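Colleague: Spelled out, the chains give:
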Amino acid sequence: MKISSYKKFLLVPFLLSMGACSNYLDVNVTPNNPTEVTPPVLLPSALAGSAFANNGELNRFGSVVMNYLSGAGGSPTNYDRFNTNGADFGNQWRFDIYGGALVGYQKLIEAADKTNSKAYTGIAKIMKAYTFSMVTDIWGDVPYSQALQGEAFIQPRLDKQEDIYKGNQASGIQSLFDLVREGLADLEAPSTSKPAADDIVYGGTIDNWKRAGYTLMLKMANTISKKEPALAKTIITEVLAKNLYITSNAQDLNVKFGSSVGSTSAIWNLAVFGSFSNELILSTRFLNVLRPSATDATKTDPRLAVFYTKPSTDYVSIDNGFAGTLPTPTTTWSRYGAYVTGAQGEGPVRLITNFQRAFILAESALTLGTAGDPQALYTEGITASMKLAGITDAAIAAYLTANPNIATLTGTNEQKLEQIITQKWIAWTGNGLESWNDWRRTGYPRLTASQNAVGIDGTRPVRAAYITQEIERNPNFPNPGPQSNAKLWWDVD
Amino acid sequence: MRKRLAGFWLLCVLFALPALAQDRTVTGKVTSSDDGSTLPGVSIQLKGTSRGTTTDSDGNYSLPNVPANARLVFSFIGTATQEIVVGNQSTINVQLKSDASQLSEVVVTAQGIERDRRSLGYSTQDVRGDVLAQRSEPNVLNALQGKLAGVNITPSSGAPGASTNINIRGITSFNGSNQPLIVVDGVIFNNDVNRNPSTDNSLFSAQASNRLADINPESIESINVLKGPAASVLYGSRASAGAIVITTKTGRNMKGKTEVTVNSSFNVQNVYGLPPLQNDYGQGTQNNFINTSGNSWGPKFGGSLTQVTTLQGNTVPYQAYPDNVKNFYDQGSVWQNSFNIASGDERRNYILAVGNTLQKGIVPNSKFDRTNVQVGGESKLQNGLKLSSTVTYVKTAQNGTPVGNGGSAFGQITRIPRSYDLNGTPYQDAQGKSIYYSTTQNHPLWSAYNETMKSQVDRVFGNFQVGYDFAKWLNVSYRVTADTYTDRRKMSFAIGSARGPAGQIIEDMFFRSELNGDLLINAHKDNLFLEGLNANILLGNNINQRRDQNTTLSAQQLTIPGFYNVSNGSVFTASQENNTKRRLVGYYGQLSLGYQNYLFVELSGRVDQSSTLPKANNTYFYPAASVSFVPTDAFKLNSNVLSYAKVRASVARVGRDADPYLLNSVFVASSYGNNSASITFPISVGGANLPGFSPSTRIGNNNLTPEFVRSYEFGLNLGLFRNRASLDLAYFDTRSTNQIFNVSVSNSTGYDTRTTNVGALSNKGIELVLNTTPVRLQNGFKWDLVLNFTRIRNKVEEIAPGVTQSPITGGAFVGINPSIVVGQPYGVIVGTANARSPQGQYLINPNTGLFVPGIAGQVISNPNPNWTAGLTNTFSYKGLALSVLFDTRQGGQLYSFGAVDLRGQGHLAVTGIDRDQPRILPGVIEVTNADGSKTYNPNNIQLSAQNYWANLGGLASEAAVFDATVYRLRELALNYSLPASLIGKTPFGAVSIGVSGRNLWFYAPNYMADPETNTQGAGNIQGLDLNGIPNTRNYGVNLRFTF
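Keeping their order, the protein sequence lines are chains A and B.
In terms of full-length UniProt numbering, the first sequence opens at residue 1 and continues consecutively.
In terms of full-length UniProt numbering, the second sequence opens at residue 1 and continues consecutively.
Don't read these hints as lab results, they were simulated from the structure.
Bear in mind the structure is a predicted one, so any value in this text is a computation, not a measurement.
Some hints could be false.
[What the hints assert, rightly or not] Here are the simulated lysine to aspartate or glutamate pairs, EDC-like style, with alpha carbons at most 16 Å apart:
#	chain 1	residue 1	chain 2	residue 2
1	B	Lys581	A	Asp26
2	B	Lys257	B	Asp345
3	B	Lys97	B	Glu83
4	B	Lys878	B	Asp784
5	B	Lys615	A	Asp26
6	A	Lys166	A	Glu182
Bound-form chain A, shown alone:
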């Protein structure tokens, strides 16, 4: 037996396997995903996220709750009966807002700071502030100062809405106003690179971003003005002095989408084209606002035909909360028009607008005594909205002349405020969240309860309940959390 030679044989495969080991196992670097990316791919993703959140499921909610539309099935029917709970808006919270837009801005700030691309940093900070204001206006106290930091804080604390708006140095919370100011300062600084087509809002026009930033400060000051009138007045005065805010419709902060599949705005799919589109229909109540008397066509707001479709001989709508048989066929239904959705889903999604700025200044001139004439600013707001809707100057003038009770602010300040906010509500058609903020803040427009209203206590929701999944994941959230009838900090009455 030649054992020794056998032994040599035995060793061969072992040696082969051992020798191969040193780098044989070095194959765990993913070829599928980048581990670092540049600002031009982060910016459009984050911008689209903010718009998708504002314009998607939350807009189905806002549009129904603010009576632009009525629920004809699914979740909108629930919203229309004032039902909303922690099972709603999970995807928006998780994937559009915190896990989409906000973490996108966070990464954009980090990536842009590395290359000193201050133009990107500035935009990211302004949009981060805008998106956080949206979050806190919906849910109240939310993770803010500890949010978006991954493993550093896997269960971020909740910051009070008051601290988010006003800042709290002791707790290390930067105010949203300061975040915008920081962003504006970045926009003034030199930048190694600047956005172009990747900026799906302004196409790289930095001056417009500055105007958007200052107008965002107006919007946020306006939001807290009932709770903090002095602070609001200070900030509005500061912005007026700077005189670099949105003054024309062309400067609106509009997020643009496309017409092809996978590029379209959310509301296009939800209200017009997609498989859920038959869950929304024009609200009879809103129709009656724009058309006070069906027999008197001259009183029709010219924006009606722009805001909504009329595929049949007349507008087909249902009342809010209606539980009866739906009109048939669904092809006759009046839906959001191309003004809201774009002809083929392009949008734009309007986040901060010129008419909004005019109405804010009208309101603050009236209630806070900031500079400007409330009536002039009010007329400017209506006119800006009409022009945005493509109404001719002649038609605008005719409408204002024919409807002096609308065109002229009259009565007490409270009555004038109602006029301003009611017109702002009409102008915001297509963006339910913004007018929901105004309604909660001022009580205007005057809305009556839906048919078959249930809710927590039969009243219209004044906040969204915390996402159930988030409560489960983060013990810092109150459990059970406040329900949809609990008012926010800035919602004083």
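Once you've looked at the hints, dock chain B against the given chain A.
Modeller: Chain B in isolation, oriented as in the chain A frame:
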């Protein structure tokens, strides 16, 4: 020792053959040496031939034409086989000694190692190929249903090729695959259900196959199921969920002959288990006919409304179409043909096997076709070198249509009004557009023909092994195995599809490849150190590489109707590619000691080095030990009552590595939204195509360590009444720790999950297999009974600090999350539960009489059964064998969209009863008293039948949860082997014909249809019917002959 039991069976079959004319007739009597009693049914075989006979009721036999140099082999169950040289004797009387060890048999364990069953300290269960073949079932996993203890097998639907889930001894990993490792002739065999997360989500998928469906059941010689980690430790990490070791047929047992076997079977398939529907009320709501309604809340038939106008403007009678849903389904068929040539002996042999299956499904336009070609052989050279190889090529084609809530054929089939003539009117117009009652959804038949999935699999797998006996006690071998396939899928959605109105074509290519090299050194020594101590040592090394690739070309927004080429698309942004490569090097060893054939100890260990773990943690060791003791032999206890007893125990720990690429945080191409609205980057804005990236929702972890499963097992084997009854009982306890899991994090971190080692998961279970022969008559009639029973308790012990629940990876419908929840079994479904009073009654809104809003985030459904059992009865008489398999699943719950659709929309039979009577939802109304205390009064608010049924609970509610208990006549097979007297003069060696049927009867006490369904297919998410395909009842005939 090789396959003695199988040999015995072969003899039993052969005894029926008459002898051919030859030299002399030998007669005699066979008795028992124990008590002298005569033994009927003893097999007598002429050695080296297929000829033989059996003793009659008095123990007498007669075998004609026996040559003088022949040897007769006398064998009988429970006795030692005797071999006698005939010489010049013409009367040979034989006494057979009882021998408990005769019951021992060789089983194939991990790495192809053959072991005597009695030496095993852990549980295995084997299944012979002949109980899988000719059972009206092309998928081998389905054919195993009800036949194994400790194994849970759940088909997803009756669609051809639909995947089947298999779990052995519960769920042991939070996130990893819980399917057992499949090994076919030593080849690690991929059994994945390749899913493309972007096109195949939980709500809308085309039910692709699990790839074990590529195996032809006819080619299987035997299957051995290695149940616990102790049994499978040598296979390493991937067998921590157990292993299914499949051995295909070879020419090894042909005894030098060449045999050609032809099998042919034809089965028909019909839909069955459909829920009972009402036939009194038609389309509409609130007693009004509405031609666009998906409800059956319209007017009663036989009233004033006799004619209605459809959405298309046609005037049609208003009447029930009782079979409108049933007749949507076709009659399916399964044609299976196979042919094989086997030749050779133990030293040198070959096999050529060809199989073909043609299945036409019950769903229109669906099929599953499979062709297998296998070539294999082995040769043992004079110099001791042994070479063997087998290579199989498989071509599988599957056609189907997606299932899922809403816009699919099966999202619609539960929404067909009772008065809608689904099959009697055209489903599409001249332009190819759907004609239906709804303008936004499509006719289910239109969907079946215009929303399609086609899969074309080309697969090659095989092994090459070379071995050499360096000495009598030392064998070294090297084995190379490969398994590689491509699955080329094409999903086509015509323009007008509900899910993609602009049309879409998805070319989806999956490539899978696995290579293994195994060095095995086997040393054996008898009487080591002391008399009767036998030792066996195995040392092995494994080198493994797995490569996966998935490339998807997605063409959206089609222009030309009916042209299904990606060139017809204008948006390609949903295209993607995903590649993974992983490698593993393992070293393993096993020391087996046997003392006096009654005490056995086995120690095993394996070290793995995996590419998927951080370098510092990528090497991990895990051991196993088992003991088996046969007291009946050790203490000479065997009696006529207790023939054999064995106690066994094992302990094992198996490590498992991570999936590739979990260590880093990455960026992904951005997308937002779901099936209601979505955008996917790159997006096209104002003519510019813009790429967009965002951080992945998962936080990576560069400190991962392997996860481990620890198991204890105790078992008892008993042979009773001279082994006429045998019992195999096992208790096991496994605990999985250090799980690699994507744990939920607060979404306000900016992320959804982080990968980390967490948690603990336990399984405790009892398995029982009882084999008995209650009746064995002298005339040859025999009744065999096999009972198996399984009871497993699975529990999520902990997840991560501060985390009490986390969804299982995989798509889910918002508000219905298959999850892990601390204190609950794996895979419970978390959703919205009804609000309840302190006494547990449902709370009712005092204004509406409806339930108050539910509470989200509650465990509402548990898919895990309480226990399962299967009972196989086999009656045989001469050439006739009837086998009947009943099985049952007790408990476990099904979450059913389909049931809620049918109920809420007034289609279900129960909704037609007393429809004009008011109803009251069960529950109480909360009243707050003046002192702040609360009183709960019974609900007394009446609702119409429509309001009642529609508000009993919608899709995302606990009213969609049903008890899935079911009793079933799973399988019935009657086979007749023609007596040799009939075929003696033909060229045929054996001919058998048979009839068989599957799913012939079921009874589900608490569900309106067959609860055995899971739209999510094989995988960790179970117990969901999100508008799936019903099951089939199959029956047919088969024919087998050899020559």
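Colleague: All hints, please: hold or fail.
Modeller: Consistency of the hints with the structure:
1. For the given pair, B/Lys581 sits about 10 Å from A/Asp26 by alpha-carbon distance, which is consistent with the 16 Å threshold.
2. Only pairs whose Cα atoms come within 16 Å are accepted, and B/Lys257 paired with B/Asp345 is accepted, the gap being roughly 8 Å.
3. Proposed proximity of B/Lys97 and B/Glu83 is supported: the alpha carbons are some 13 Å apart, at most 16 Å.
4. Only pairs whose Cα atoms come within 16 Å are accepted, and B/Lys878 paired with B/Asp784 is accepted, the gap being roughly 14 Å.
5. The hinted pair formed by B/Lys615 and A/Asp26 meets the criterion: a straight-line CA distance of about 9 Å does not exceed 16 Å.
6. A C-alpha spacing of about 15 Å is found between A/Lys166 and A/Glu182, which places the hinted pair at or below 16 Å, so the restraint holds.
The earlier numbered hints are all upheld by this structure, with none contradicted.
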